[in-house]
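Trainee: Below, each chain spelled out in residue letters.
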Amino acid sequence: MRGSRERLGAGLNRAWRIIGTGVSFALFGIGGIVIGLVIYPLTRLVSPRPDSLRRRMQYLIHLSFRGFVGFMNQLRLLRYSIHGESKLLRPNQLIVANHPTLIDVVMLISRIPRTNCVVKASHWHNPVMAGPVRAAGYIPNTESAILVERCHAALDDGQSLVIFPEGTRSTPGVRPKLQRGTANIALRSGIAILPVRIRCTPSTLTKGLPWYSVPARRFHMELEVGEPIDPAPYLRDHPTVNRAARALTRDLEAVLWPEAKADLVNPA
Amino acid sequence: MKSREDILSTLSALFAELFEIDPASVTLEAKLYEDLDVDSIDAVDLVVRLKELTGKKIEPEEFKSVRTVEDVVDAVEAMLGA
Numbered sequence: 001m002r003g004s005r006e007r008l009g010a011g012l013n014r015a016w017r018i019i020g021t022g023v024s025f026a027l028f029g030i031g032g033i034v035i036g037l038v039i040y041p042l043t044r045l046v047s048p049r050p051d052s053l054r055r056r057m058q059y060l061i062h063l064s065f066r067g068f069v070g071f072m073n074q075l076r077l078l079r080y081s082i083h084g085e086s087k088l089l090r091p092n093q094l095i096v097a098n099h100p101t102l103i104d105v106v107m108l109i110s111r112i113p114r115t116n117c118v119v120k121a122s123h124w125h126n127p128v129m130a131g132p133v134r135a136a137g138y139i140p141n142t143e144s145a146i147l148v149e150r151c152h153a154a155l156d157d158g159q160s161l162v163i164f165p166e167g168t169r170s171t172p173g174v175r176p177k178l179q180r181g182t183a184n185i186a187l188r189s190g191i192a193i194l195p196v197r198i199r200c201t202p203s204t205l206t207k208g209l210p211w212y213s214v215p216a217r218r219f220h221m222e223l224e225v226g227e228p229i230d231p232a233p234y235l236r237d238h239p240t241v242n243r244a245a246r247a248l249t250r251d252l253e254a255v256l257w258p259e260a261k262a263d264l265v266n267p268a
Numbered sequence: 001m002k003s004r005e006d007i008l009s010t011l012s013a014l015f016a017e018l019f020e021i022d023p024a025s026v027t028l029e030a031k032l033y034e035d036l037d038v039d040s041i042d043a044v045d046l047v048v049r050l051k052e053l054t055g056k057k058i059e060p061e062e063f064k065s066v067r068t069v070e071d072v073v074d075a076v077e078a079m080l081g082a
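Those sequence lines, one after another, are chains E and V.
Our numbering puts the first sequence at residues 1 to 268.
Our numbering puts the second sequence at residues 1 to 82.
Hints are computed from structural coordinates only; laboratory data are not their basis.
No residue lacks a Cβ here, since even glycine has one placed at the ideal position from N, Cα and C.
Wrong hints could be hidden among the right ones.
Some chain E residues well away from chain V (every beta-carbon gap over 12 Å; in silico) [said to hold, decoys possible]:
#1 Ala15
#2 Ile19
#3 Phe28
#4 Pro41
#5 Arg76
#6 His99
#7 Ser144
#8 Ala145
#9 Leu147
#10 Gly190
With a Cα cut of at most 30 Å, we get these calculated DSSO-like pairs of lysine-lysine [stated by the list, open to error]:
#11 V:Lys64 x V:Lys2
#12 E:Lys120 x V:Lys2
#13 V:Lys2 x V:Lys51
#14 V:Lys31 x E:Lys207
Go ahead and model the full structure; you've got the sequences and the hints to work with.
Mentor: Written out as structure tokens, the structure reads:
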């Protein structure tokens, strides 16, 4: 008797989380459209200077993401914990994270009041995302050399920047291939990398899974903010920036994926 | 740096110095991006060094189509011949 009751409970819980996830994603989509069509034009009216417009939009997106994460938490879809959160609040830093799930950027920006962010270039042509990414002055993940210049300019301008050096979500169980753009941005702008390790258990919203394939239980997002990595010693120890970028990328990889390399397979 | 062999050996020394690439893997057929792990940021710095070495201009557009080490050798040969 008890066993079947528990199964029924688990089934109802799962059904609830499928509905809740659907409602959350619909809300996210509506939010994106409202930001693009209503909030952005209104903010533009009261923000004559482009940099104040961008700052305000970045803050509004932070508030929306904070509300969204709170909503998913209230619906008992997710739990989250953040270690070293105060380090995220420092101005003008390069925040670098691994990318296990669809909502990593939402989780991160929900804790950072104002930041720029490198996001998928195709979002500029997505009806839900185009408004917010343009309004906040986010940077599209185009070809590396141009990307590095744009990121450098944003950091020079005093903004913070969130970037996922894998360039896309991780494939579970596969060793990530880090792009060296992030290391080059740090080396060329002289700004330390603040590494954030994101873990999601049980894993969900991974690459290639549809949104409604919810995990067996409420998932837990853990954000662990590490210690800043100063690029200066890498420039001192290596004869060229290119070699310094290789060494810095290797070290960043070791910080973001401390688990035994043997557990991961090489990408195909 | 006249013959293609000279250009290739200069390139492999340059790749070792700039990018820590084993000179043995710098063959004509080697693909820059896939085999040698040279990215577009490295390519920009490579172009700067090639300009210094040859004293000639190189159009970034010309370098866009470069895929293999042989393509780089061709580009350098063209620079020297121009």
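Trainee: Are the hints correct? Go through all of them and say.
Mentor: Checked hints:
1. Residue placement check: E:Ala15 keeps its beta carbon more than 12 Å from all beta carbons of chain V (closest about 46 Å).
2. Non-interface call for E:Ile19 relative to chain V: holds, since the shortest CB-CB distance, roughly 44 Å, exceeds 12 Å.
3. At roughly 33 Å, the least C-beta separation between E:Phe28 and chain V is larger than 12 Å, which holds for a residue marked as non-interface.
4. With a least beta-carbon separation of about 36 Å from chain V, E:Pro41 lies farther than 12 Å from that chain, consistent with its non-interface assignment.
5. A cut-off of 12 Å between C-beta atoms confirms that E:Arg76 is not in contact with chain V; the least separation is 43 Å.
6. E:His99, annotated as away from the interface, keeps every beta carbon of chain V farther than 12 Å; the closest lies near 19 Å.
7. Its beta-carbon lying about 4 Å from the closest one in chain V, E:Ser144 breaks the requirement of being farther than 12 Å from that chain.
8. The beta carbon of E:Ala145 is not kept farther than 12 Å from every beta carbon of chain V, the shortest such distance being approximately 5 Å.
9. Look at E:Leu147: its CB is around 9 Å from the nearest CB on chain V, not clear of 12 Å, so calling it non-interface is violated.
10. For E:Gly190, the requirement that its beta carbon stay farther than 12 Å from each beta carbon of chain V is met, with the minimum near 16 Å.
11. At most 30 Å may separate the alpha-carbon atoms for a hinted pair to count; V:Lys64 and V:Lys2 meet this at roughly 24 Å.
12. Between E:Lys120 and V:Lys2 the CA atoms are separated by roughly 45 Å; this puts the pair beyond 30 Å, and the hint is violated.
13. Taking the CA atoms of V:Lys2 and V:Lys51, the gap is about 16 Å. The hint holds against a cut of 30 Å.
14. A C-alpha spacing of about 29 Å is found between V:Lys31 and E:Lys207, which places the hinted pair at or below 30 Å, so the restraint holds.
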